[in-house]
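Just so you know, the protein sequences line up as chains V and G, in that order. Residue numbering for the first sequence follows our numbering, starting at 1 and increasing by one per position. Residue numbering for the second sequence follows our numbering, starting at 1001 and increasing by one per position.
Bear in mind the hints are in silico, worked out from the structure with no lab data behind them. Any given hint could be a false lead.
Derived DEER-like restraints, expressed as beta-carbon distance ranges [stated by the list, open to error]:
| id | chain 1 | residue 1 | chain 2 | residue 2 | range |
| --- | --- | --- | --- | --- | --- |
| 1 | G | Arg1157 | V | Lys44 | 42 to 48 angstroms |
| 2 | G | Gly1171 | V | Gly13 | 16 to 22 angstroms |
| 3 | V | Ser2 | G | Gly1058 | 31 to 37 angstroms |
Beta carbons: idealized from backbone N, C-alpha and C, even for Gly.
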Amino acid sequence: MSRKLGALALALGILVGAMELKTLVTAHGKTAVILANGVSPVPKLPPSSSN
Amino acid sequence: MPSGIALAIWTVGMCAGVCFVTCSVLRASFLKYFFLNLYVIFAFSADLLRQFVLRYYGLQSPEYIYAYYYTDCLLTIALFVAVISLASRIFAELNLARYVRFVAVLLLLGTAGFTYAVVAQSTERLATKFAVELSQNLYFVGLVLTYLLWGAVLKLRETRTRLVQMVLSLGLYFSAYAGSYALLNLAPNYEVVQYLAPILGCFLPISWALTIMRYSEDSRLTPARLVAVPR
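This is chain G alone, in the form it adopts within the complex (with noise of 0.2 angstroms):
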């Protein structure tokens, strides 16, 4: 069984979820930021059906190896399909929104066929190996469009606080992922270089819930505030 810490952040996290999905409700925002929701909820769902199989058959079983990393695969798509739909909703403006799927559908689909191409030359276990390969490929995807998505937000000067600052929150979210896999390879000793992915999964529900909750779907940035761009 896990520690104490580690049940405790897995506790925060899901009731961050909760308060996620609870404010997009209350804020009647569920449905324009659907596929945000959709992902909480999935990882909620996930988080409950881990803790099902965690609780049954131990931490290193391999029936939670295989819940972890398959439900992960779910997840990261689904992670993938919010990152498009705030992109869907920066270019909509530009009549580009359904180029934006286009160019989705492509990575989604160029993705898992170069997954199943690195995978199917390896002696491995094809599905498992493809699932977490799957996944990680679509992380990288994910953080490099997010990045992507920053820049076409300064650059268009966009001024929706909510979309503004959901998009930060995703790069915080991807970049502080990488650096904390940065500090697993550099102290993997250290215990509570552990505590730090989960802890980071708690981020993502909780920012955005503060975003939901702090500003309502007409709030506005100055464009100044984003960037001073010289002329």
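Okay, chain V solo, but in the shape it has when bound (with noise of 0.2 angstroms):
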């Protein structure tokens, strides 16, 4: 149970982390996302409004 919980508290710390780090790093970003797959060139970001 013990071992359960504590994996539970390390995807939780995961979770938060990634997301701090996201948030770290992009609020300055003027550019488009980080996407790190595959070797094709990178399209502009799909249209904003709704369609």
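Dock chain to chain to rebuild the complex, using the hints, since each chain is given by itself in its own frame.
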């Protein structure tokens, strides 16, 4: 039981840490999002207005 | 259409993926590193699909944009699963593999829930925004996980050369992407910066292929080479 709680706490810690890091890194970013997949040319972000 | 350099990088990246899977099959490691191979196969398939869509619709067409971001979301999930598979192997000797999978499921669900909570506030098209945000959030979760994994490798004095090198490659890969993002913000007008992310995309399959080719499953590092721990 304590191991499961430990795992839960670890998952929450990682999630909070990752989101903090994301906020830190992207807060002052002016360009597109960070994407870590593949070698294809990166297009602009999808249109933001609803369609 | 993208420039010749972008197309050349694209071709090299796809060849690197084929090279990694071929090496894995030839060295009888395909099933041992199944999720790494699966990620590279997905990346190859996504690149084929993107190339097909790009050829017919163009770089800035909505079709290419949606194909790119939806496949990217799937690839990020596959990369996350690949990182977890490496963590499972590292913690297997401590009988913690079950808990690693538990943490992985919690993380995936937590990230998806958090992303949905953020995206639901927006009036933008939900599915697309969700895919882009989930992809980015999972990237950061993967980054943190890889660094934790590297810490575990050092702490547990992991000696399996292939595992150590694959985790190190992932750490470098994630860090280099963050660096390229910073460069893109610092110098967005330089054309060479635009090619950094696609070049980095070639790095992971090439480094994994080299690891599979150069080392056997039985190869071991001496702990002293990993880190010098003062006593």
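Check: Okay, which hints does this one fail, numbers in order?
Finding: Of the numbered hints, just 3 does not hold.
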